[in-house]
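There are 2 protein chains.
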Amino acid sequence: MLRLQDLSKAVVETEYAVRGPIVARARTLEAAGREITYCNIGNPQSLGQQPLSYVRQVLALCECPELMGAPGAARLFPQDAIATARRVLEGSQHGLGAYSESRGMRFVCEAVADFIRARDGVEASADAVYLTDGASKGVQTVLRLVVAGPDDGVMIPIPQYPLYSATLTLYGARQVGYHLDEAHDWQLGRPLLERSLAQARAQGVRTRAICVINPGNPTGSVLDPGNVAMVLDFAREHDLVVLADEVYQDNVYAAGRRFTSFAKVLHERGMRDVSLFSFHSVSKGYLGECGHRGGYFEHRNVPPDVVAQLTKLQSVNLCANTPGQVVTYLLVRPPREGEPSHARYVRERDGILTALRERAQLVAEGLNRVPGIRCNEVAGAMYAFPSIELPPGRTDEEYCMALLEAKGICVVAGSGFGQQPGTAHFRTTILPPTEKIARVVEAIADFHRTWR
Amino acid sequence: MLRLQDLSKAVVETEYAVRGPIVARARTLEAAGREITYCNIGNPQSLGQQPLSYVRQVLALCECPELMGAPGAARLFPQDAIATARRVLEGSQHGLGAYSESRGMRFVCEAVADFIRARDGVEASADAVYLTDGASKGVQTVLRLVVAGPDDGVMIPIPQYPLYSATLTLYGARQVGYHLDEAHDWQLGRPLLERSLAQARAQGVRTRAICVINPGNPTGSVLDPGNVAMVLDFAREHDLVVLADEVYQDNVYAAGRRFTSFAKVLHERGMRDVSLFSFHSVSKGYLGECGHRGGYFEHRNVPPDVVAQLTKLQSVNLCANTPGQVVTYLLVRPPREGEPSHARYVRERDGILTALRERAQLVAEGLNRVPGIRCNEVAGAMYAFPSIELPPGRTDEEYCMALLEAKGICVVAGSGFGQQPGTAHFRTTILPPTEKIARVVEAIADFHRTWR
Chain L
16 MLRLQDLSKA VVETEYAVRG PIVARARTLE AAGREITYCN IGNPQSLGQQ PLSYVRQVLA
76 LCECPELMGA PGAARLFPQD AIATARRVLE GSQHGLGAYS ESRGMRFVCE AVADFIRARD
136 GVEASADAVY LTDGASKGVQ TVLRLVVAGP DDGVMIPIPQ YPLYSATLTL YGARQVGYHL
196 DEAHDWQLGR PLLERSLAQA RAQGVRTRAI CVINPGNPTG SVLDPGNVAM VLDFAREHDL
256 VVLADEVYQD NVYAAGRRFT SFAKVLHERG MRDVSLFSFH SVSKGYLGEC GHRGGYFEHR
316 NVPPDVVAQL TKLQSVNLCA NTPGQVVTYL LVRPPREGEP SHARYVRERD GILTALRERA
376 QLVAEGLNRV PGIRCNEVAG AMYAFPSIEL PPGRTDEEYC MALLEAKGIC VVAGSGFGQQ
436 PGTAHFRTTI LPPTEKIARV VEAIADFHRT WR
Chain P
16 MLRLQDLSKA VVETEYAVRG PIVARARTLE AAGREITYCN IGNPQSLGQQ PLSYVRQVLA
76 LCECPELMGA PGAARLFPQD AIATARRVLE GSQHGLGAYS ESRGMRFVCE AVADFIRARD
136 GVEASADAVY LTDGASKGVQ TVLRLVVAGP DDGVMIPIPQ YPLYSATLTL YGARQVGYHL
196 DEAHDWQLGR PLLERSLAQA RAQGVRTRAI CVINPGNPTG SVLDPGNVAM VLDFAREHDL
256 VVLADEVYQD NVYAAGRRFT SFAKVLHERG MRDVSLFSFH SVSKGYLGEC GHRGGYFEHR
316 NVPPDVVAQL TKLQSVNLCA NTPGQVVTYL LVRPPREGEP SHARYVRERD GILTALRERA
376 QLVAEGLNRV PGIRCNEVAG AMYAFPSIEL PPGRTDEEYC MALLEAKGIC VVAGSGFGQQ
436 PGTAHFRTTI LPPTEKIARV VEAIADFHRT WR
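For the protein sequence lines, the chains are L and P, in the order given. Our numbering puts the first residue of the first sequence at 16, with every later residue one more than the last. Our numbering puts the first residue of the second sequence at 16, with every later residue one more than the last.
Same shape as in the complex, but just chain L:
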């Protein structure tokens, strides 16, 4: 019999709060008939966001190519959806039912390189693109590559998305946390990075890499080009690999703010000695296709012998799921102006982004009206991470569990993401429908006023 005491320490110590005990309790309540609003996870379509029609039309045609020749197909599908499906099937060589190359279908990697070139005005190569089952799988693969032993550490933000802490724990590696500055909109500061690295070194940790999440999860902050350059300079000086989690690059709401990719700044500064891995996903942005598990990573300044190891690791997993690869293709190659689906695509996309922008503001402003809750601007991504004042001796985990019991609202305690000792937070998504989110904020306000 397999016994708990036989499992590895790494497995037992791994924590993943986003789907932890509070969520388990929420499911129990739901099964018993309670209405639960799941604000614990960035899962837009579970909260009513509609998929983009074009994405689903192309997928349907790729799954069932006989539809293309069916009488009436032209009435059911726009001509460009049919043309795209033909391009996908041709590019895939064998359709969606065959394993692709381990790195992903070549034509999709090429489309990703085109996308990066157009987005950033930099060179990009399909050879440096790997398609993955969502960004998480890519992060896990790259972390596998950069940590080699129990004294190896990786810098991760505090607060962070717990994929990073969970994966490092599972690999038996060390987390080197660096604090984001809550008092200044969660910005990154070089002194904080230096301090964290020095502390790790003093503890015998060999720090190998730094992870940056931009736009920030759970913080909602957006880095400016100067911040990105600072991180790259820091990484160069200390010989660190950079992992840039850029899955929220299309989710920037604050006026005047723009997403800046690490690839762009790396290129502009002509840096050839900092290894960079950038991650993107179909789960966020305006597609919100979480269930399809699509994504990619692109590497820069990684020597060929290391790339060969990466390819080998990917090959043990055979390949990313092919529908997810197709959605990745559609993410980077949407309908263009003049194509029949363009107008509908733009309307649907802008509808989603406008709603998210409204909700980002509603949540932050609403929470800031509650005495004892302080929330930075949600400049990007899909979350607010307010700090909360708690009665003496109480924890944010207790708070979140009580909020669930009292109001049926499922959020995640700040302790699951990391926070300054002595502070308390929770993370909530901004994803519920606009008419509902006001009620969510109201319910939190009501709960906060009365909970002891």
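A couple of the hints might just be wrong.
With a straight-line Cα cutoff of 27 Å, these simulated DSSO-like cross-link-like pairs (lysine-lysine) come out [what the hints assert, rightly or not]:
#, chain 1, residue 1, chain 2, residue 2
1, P, Lys422, L, Lys327
2, L, Lys327, P, Lys24
3, L, Lys422, L, Lys451
4, P, Lys24, L, Lys24
5, L, Lys24, P, Lys327
6, P, Lys327, L, Lys422
7, P, Lys422, P, Lys451
If you are wondering where the hints come from, they were derived from the structure by calculation, not from laboratory data.
Knowing the structure of chain L, use the given hints to seat chain P on it.
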């Protein structure tokens, strides 16, 4: 910069021959215009096998639900495909675009439990079913659970499917190989198991589990109920967890042979003290939906506190891709007699299985006609693993590379799977179309006669 010498020994030492240097060379030749027959990997649809129409119809409807209401939908889709798609969308709660529960959609887990109950006449619970991105991901998760330290080992067959060796190497755990008896149709023998375990113990290895692949990959053998019972008795006596890789359960060709599941024998013998994990996949059988990365595992006799750890590990990966979950549902819940799609489904299924049976025989008989090649009956699965006599001093890797260069046929050397020292083999799939497979066998025969 990330350098090769900084990577972990485990990463660098991991090998995965099925997609190794021979396959890389094949792709290079193909890119230069050579026609290559890929017999290296069980990828049926890449070799012309057609997907089952019903599977793809349901997927198309689930991806694009507006098709169901479209005028003319009833002409395009059988009524039961539409009904099934409705059931899937209802069961999924939020469609294919949302993350599901980490363990997979509940209604699919329930359908899997129904399937096991009907297949084996045993009790089965949806609570013990986890949906995965293909069987490989499930195997990786379970191996993660059973190996806790560098002295922990897992018994794997020799020859074996290299997923097992690659994963154990990557986890820094020990491979405890047990030989299959080539002279007796690759059967399992208790003395060989005992010997291998004793040798491992003498080397300080704490053996935790035994993996069995049935029907066998690469061997093509099929275990009888007595073999299965013997493995379970052995596991009980030595306190080993059993991993039963049963992804080829629908691929049994030899007259009078039947697939026997480990779950069935475990249940019939009333064993409550052997932890069992059984794996299944949509990639093999007659679906051949490799690209969709769908599969499941079921556990038995695993204590609740260990199950909780399993669920946690799954949750770090968020969830298996949802189209793959749908294909898993269709695998275990095909059209029934009386439903409109039943006849076409049966015709397509039987066409595939009949062709595979023919090819299994063609390959084994054809290879056995070549002096210097000996091949056991391909009783099941999708591969032949013939032994080959080589000129002195030559290896099967050289042989396979030369076969590729000479004939454009891509097979994998026996050394990638493990074999008795002093013997040489290769693995070829039986998947090329029947008219082509005769040419493949002929080309191998011609090559074998002349290669020095």
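To see whether the hints hold, each was checked on the structure:
For the proposed pair Lys422(P) and Lys327(L), the alpha carbon gap of about 26 Å is at most 27 Å, so the pair holds. For the hint linking Lys327(L) to Lys24(P), the alpha-carbon distance of about 14 Å falls within 27 Å, and the restraint holds. A hinted pair counts as satisfied when its Cα atoms are at most 27 Å apart, and Lys422(L) with Lys451(L) qualifies at roughly 13 Å. Taken as a hint, the Lys24(P) and Lys24(L) pair is honoured in the structure, with Cα atoms around 21 Å apart against an allowance of 27 Å.
Note on Lys24(L) and Lys327(P): the hinted pairing holds, with a Cα-Cα distance of about 14 Å set against a maximum of 27 Å. For the given pair, Lys327(P) sits about 26 Å from Lys422(L) by alpha-carbon distance, which is consistent with the 27 Å threshold. Under the criterion of a C-alpha separation no larger than 27 Å, the hint pairing Lys422(P) with Lys451(P) is consistent with the structure, at around 13 Å.
The structure fails none of the hints (numbered hints given earlier).
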